[in-house]
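Q: Protein chains in written order, with the working numbering: chain A, 1 to 433; chain B, 1 to 184.
Hints are not guaranteed to be accurate.
Cβ-to-Cβ under 10 angstroms is the rule here; a few derived chain B residues that face chain A [claimed, not checked]:
#, residue
1, Asn17
2, Asp21
3, Pro25
4, Val32
5, Thr34
6, Pro66
7, Asn75
8, Gly79
9, Ser81
10, Arg82
11, Glu83
12, Pro86
13, Phe106
14, Gly178
15, Ile180
Facing chain B, a subset of chain A residues (Cβ under 7 angstroms, in silico) [what the hints assert, rightly or not]:
#, residue
16, Pro40
17, Gly41
18, Gly44
19, Ile45
20, Lys76
21, Cys77
22, Asp128
23, Tyr198
24, Arg279
25, Leu373
26, Gly374
27, Pro398
Derived from the structure by calculation, the hints contain no laboratory data.
Built from N, CA and C at the ideal position, the CB exists for glycine as well.
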Amino acid sequence: MPMTMTEKILARASGRTEVGPGDNVWVNVDTLMTHDVCGPGTIGIFKREFGKNAKVWDPEKVVIIPDHYIFTSDDKCHRNVDILREFVREQGIPNYYDVGTKDYKGVCHVALAQEGHTRPGEVLFGTDSHTCMAGAFNQFATGIGNTDAAFILGTGKLLVKVPPTMRFDFDGEFPPYVMAKDVILHVIGDIGVAGATYKAMEFGGDAIKRLTMEERMTVCNMVIEGGGKNGVIDADETTFEYVRARTQKPFEPVVGDPGAAHVFAKRYDASTIEPTVARPHSPDNKARARELGDVRVTRAYIGSCTGGKITDFINAAEIMRGRRVAVDTFLVPATTEIAEGLRTEKVGGETLHAIFEAAGCKLSADASCAACLGGPKDTFGRINGPEVCISTTNRNFPGRMGSKEGQVYLASPYTVAASAVTGRITDPREFLQ
Amino acid sequence: MTASSKIRGKVFVLGDNIDTDQIIPAEYLNLVPTIPEEYEKLGSYALIGLPDGQGRFVPEGEAKTPYSIVLAGRNFGCGSSREHAPIALGAAGGKAVVAESYARIFFRNCVATGELYPVESPVRLVDEFQTGDEAEIDLDENAITNLRSGTRFELNALGDARPVIDAGGLFAYARETGMIPHSA
Chain A
1 MPMTMTEKIL ARASGRTEVG PGDNVWVNVD TLMTHDVCGP GTIGIFKREF
51 GKNAKVWDPE KVVIIPDHYI FTSDDKCHRN VDILREFVRE QGIPNYYDVG
101 TKDYKGVCHV ALAQEGHTRP GEVLFGTDSH TCMAGAFNQF ATGIGNTDAA
151 FILGTGKLLV KVPPTMRFDF DGEFPPYVMA KDVILHVIGD IGVAGATYKA
201 MEFGGDAIKR LTMEERMTVC NMVIEGGGKN GVIDADETTF EYVRARTQKP
251 FEPVVGDPGA AHVFAKRYDA STIEPTVARP HSPDNKARAR ELGDVRVTRA
301 YIGSCTGGKI TDFINAAEIM RGRRVAVDTF LVPATTEIAE GLRTEKVGGE
351 TLHAIFEAAG CKLSADASCA ACLGGPKDTF GRINGPEVCI STTNRNFPGR
401 MGSKEGQVYL ASPYTVAASA VTGRITDPRE FLQ
Chain B
1 MTASSKIRGK VFVLGDNIDT DQIIPAEYLN LVPTIPEEYE KLGSYALIGL
51 PDGQGRFVPE GEAKTPYSIV LAGRNFGCGS SREHAPIALG AAGGKAVVAE
101 SYARIFFRNC VATGELYPVE SPVRLVDEFQ TGDEAEIDLD ENAITNLRSG
151 TRFELNALGD ARPVIDAGGL FAYARETGMI PHSA
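If we strip away everything but chain B, and leave its shape as in the complex, we get:
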């Protein structure tokens, strides 16, 4: 799989400490991500645990999000180890999260599943963007541009995590690079 270095789309802006219960509340953990229709269903519930008044990431009654990029503050994805969290964001159509920092297990699960790029921002960006702004992330240049304001911000490089996500996750990467045999 070849991945483009650019991700363009609308941003959905959040604050600090967005935990996995907000990303996918526990009542939906009866869904099994490896069952295709339940994977889709998880996407439709992505970020449904946000406090009321913060808007919907996935519009009611729909399966996909109009936002390709989640933009957040510190410690994104804290809490549970549920892999359902990056999966829900990815299944909804999210391509990347840009946050000041990540909880460890969430970051690792993003890479292992290849569902979305967890990109770190060295500065706080949540005040520089509004939900609905059009933005472009360039993974080669390590930057995000707010296409409404025209302002460009540096991002930290994904390093070794990027080729794993480009490949589509841990297993796909391990096959591509010959770490494990090709056919199961």
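This is chain A alone, in the form it adopts within the complex:
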């Protein structure tokens, strides 16, 4: 039987020649990632179940990236990082990116990629639902809970049900004002927040092939917002160039077989995609940006795994250069590498940092998840009242960015930057013509 990319990865990882949707298979795990929010609980279960002197199955395959609650005065958050630090020392885990050192990176999903931990054809689990972002690298990558993660720590294996695959093809070329965020918000709007539950979402077509790695990551990051188990994209020269620049480890990509069965298939004409917004309080509450010109916003936010990468800031800067923001605009680089990039990357001869400063943005020097998920009360950019925020992040559930009184509109960095300048939801074509 011909197999999809997801089926091929799971077949290889479970030592079988063939798997199909619905098969329950034990897979060997290539990488387990955890962070400061779920790591301490995972470690607690690992010790309780495997013994206090137990050793992880393979220290080289465990990656620990504190990123959620770092720049806060909350004592428990600091205690949680101490638990990670102690565990890493005791287990001899080399891939740890400690807070307060030059090794600190920031948001785990972006840091995983930048540090070479996302490799084609492999299996990655993480204690975070946006682990699916790594599917952009032709991986099987998905989020799990603490108990499953503790099981992997002890055994290196996990029982997985092979998902059926949904296929999304984008023919032609996306317009220059359309970003990956518009594409995935459009898809989620079409299928709904549970449209891909238990399923793999496979993206292809000429327009997807033309996307940069960072843009492909944005697409796969949000498959969980459609309920998807994983997202996956073919590996090509764009993938290989990114990965080989960051790791010497060998890898073996998979290619979907011609004729592999998809439970759903949809073809889009890429040129018809428009700047798209998800209205409160659901990522599938889709509207065109140009239809929401009457919605006044009180703040704008650019950051997170989904929307705080260097290309996200470059695109925002294209609109903000030479302009002033009309509302409080919070910018949080996802990683320290991106924070550095804000001072070196230029648009029109000016650094991004200079452009954002001149525009009047509030720029955090600290890379982290910050206010994407609210967090402790003193988190940078957190919504603490009845704000109307337009944001490049991935979720707009009630209270997601802090206060339950807040309303969050999700949009691309172009649309968020344009809206920050006007103070109302604005189609970026108003600035990009």
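Assemble the complex: chain A is given as a structure, and chain B must be docked to it using the hints.
A: Coordinates of chain B only, in the frame set by chain A:
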């Protein structure tokens, strides 16, 4: 551990797409579930992220809920992979959720932790119950009865997930069935 096949208690009724930020808001994720007093604390915050006006699952100032059963619509538990979500519901004293469908990771976390039974209903039940109604779930018969109205509704069988939850979660089940050794 032997588990009873019947769960009886008050129901707490919710709508569709109840996400994990509503079940346990991110500001409480500094609590570590394996630390006993923080486990209890997570319970006291269960469903505190619901929009105002939807009532409290756990009364203010208390640690436990008067509701044993959460009854909801579609896609319960969507969003984050935080295991804190089923743990908060279980730590508060919740025994089961009955919903039309579940987000995948939440369902898996319910089973892995053994904190509560995520039971699927083939039909929409949220209009058939009111918060505070007394109800009984029979896991052997795959049914829930509204004891106020006397109406009985079929539920989908939990299948292989049930013995795992009966045992108290993935590790307890794996030990009981000899998949992993007994003492750590």
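Q: Now, for every hint given, state plainly whether the structure supports it.
A: To see whether the hints hold, each was checked on the structure:
A distance limit of 10 angstroms between C-beta atoms decides the matter here; for Asn17(B) the minimum to chain A is near 6 angstroms, and the interface restraint holds. Checking Asp21(B) against chain A: minimum C-beta separation of about 5 angstroms stays under 10 angstroms; hint holds. Annotation: interface hint on Pro25(B) holds; nearest CB of chain A at approximately 6 angstroms, less than 10 angstroms. Among the interface hints, the one on Val32(B) holds; its C-beta lies about 4 angstroms from the nearest C-beta in chain A, closer than the 10 angstroms criterion.
Given the 10 angstroms rule on beta carbons, the hint for Thr34(B) holds: about 3 angstroms separates it from the nearest Cβ of chain A. Below 10 angstroms, beta-carbon pairs count as interface contacts, and Pro66(B) has none with chain A, the closest being about 23 angstroms; its hint is therefore violated. Taken as an interface hint, Asn75(B) checks out: its beta carbon lies about 4 angstroms from the nearest beta carbon of chain A, inside 10 angstroms. For Gly79(B), the interface hint holds, the least distance from its beta-carbon to any beta-carbon of chain A being 6 angstroms, beneath 10 angstroms.
With 10 angstroms as the threshold, the beta carbon of Ser81(B) comes within range of chain A, its nearest partner Cβ sitting at about 4 angstroms, so the hint holds. Interface hint status for Arg82(B): upheld, as the beta-carbon distance to the closest one in chain A is roughly 7 angstroms, under 10 angstroms. The restraint placing Glu83(B) at the interface with chain A holds, with a minimum CB-CB distance near 4 angstroms, inside the 10 angstroms limit. Annotation: Pro86(B) was flagged as interfacial toward chain A, and the flag holds, the nearest CB pair being 8 angstroms apart, inside 10 angstroms.
The beta carbon of Phe106(B) comes within 9 angstroms of a beta carbon in chain A, closer than 10 angstroms, and the hint placing it at the interface holds. For Gly178(B), the interface hint is violated, since its Cβ never comes within 10 angstroms of a Cβ in chain A; the closest pair sits about 15 angstroms apart. Hint status for Ile180(B): holds, given a least beta-carbon distance of 8 angstroms to chain A, under 10 angstroms. Using the Cβ-Cβ criterion of 7 angstroms, the hint placing Pro40(A) at the interface with chain B is satisfied: the shortest such distance is roughly 4 angstroms.
A cut of 7 angstroms between beta carbons decides the hint on Gly41(A): the least distance to chain B is about 5 angstroms, and the hint holds. Interface hint status for Gly44(A): upheld, as the beta-carbon distance to the closest one in chain B is roughly 3 angstroms, under 7 angstroms. A hinted interface residue such as Ile45(A) counts as satisfied when its beta carbon comes closer than 7 angstroms to some beta carbon of chain B; here the least separation is about 6 angstroms, so the hint holds. Of the supplied interface hints, the one on Lys76(A) holds, with its beta-carbon coming within about 4 angstroms of a beta-carbon of chain B, less than 7 angstroms.
A hinted interface residue such as Cys77(A) counts as satisfied when its beta carbon comes closer than 7 angstroms to some beta carbon of chain B; here the least separation is about 5 angstroms, so the hint holds. A cut of 7 angstroms between beta carbons decides the hint on Asp128(A): the least distance to chain B is about 6 angstroms, and the hint holds. Using the Cβ-Cβ criterion of 7 angstroms, the hint placing Tyr198(A) at the interface with chain B is satisfied: the shortest such distance is roughly 5 angstroms. At its closest, the beta carbon of Arg279(A) sits 14 angstroms from a beta carbon of chain B; the interface hint therefore is violated under the 7 angstroms criterion.
With 7 angstroms as the threshold, the beta carbon of Leu373(A) comes within range of chain B, its nearest partner Cβ sitting at about 4 angstroms, so the hint holds. Satisfaction of the interface hint for Gly374(A) is found here, the shortest Cβ-Cβ separation to chain B being roughly 5 angstroms, below the 7 angstroms cut-off. With a cut of 7 angstroms, the hint placing Pro398(A) at the interface with chain B holds, because the nearest CB-to-CB distance is about 5 angstroms.
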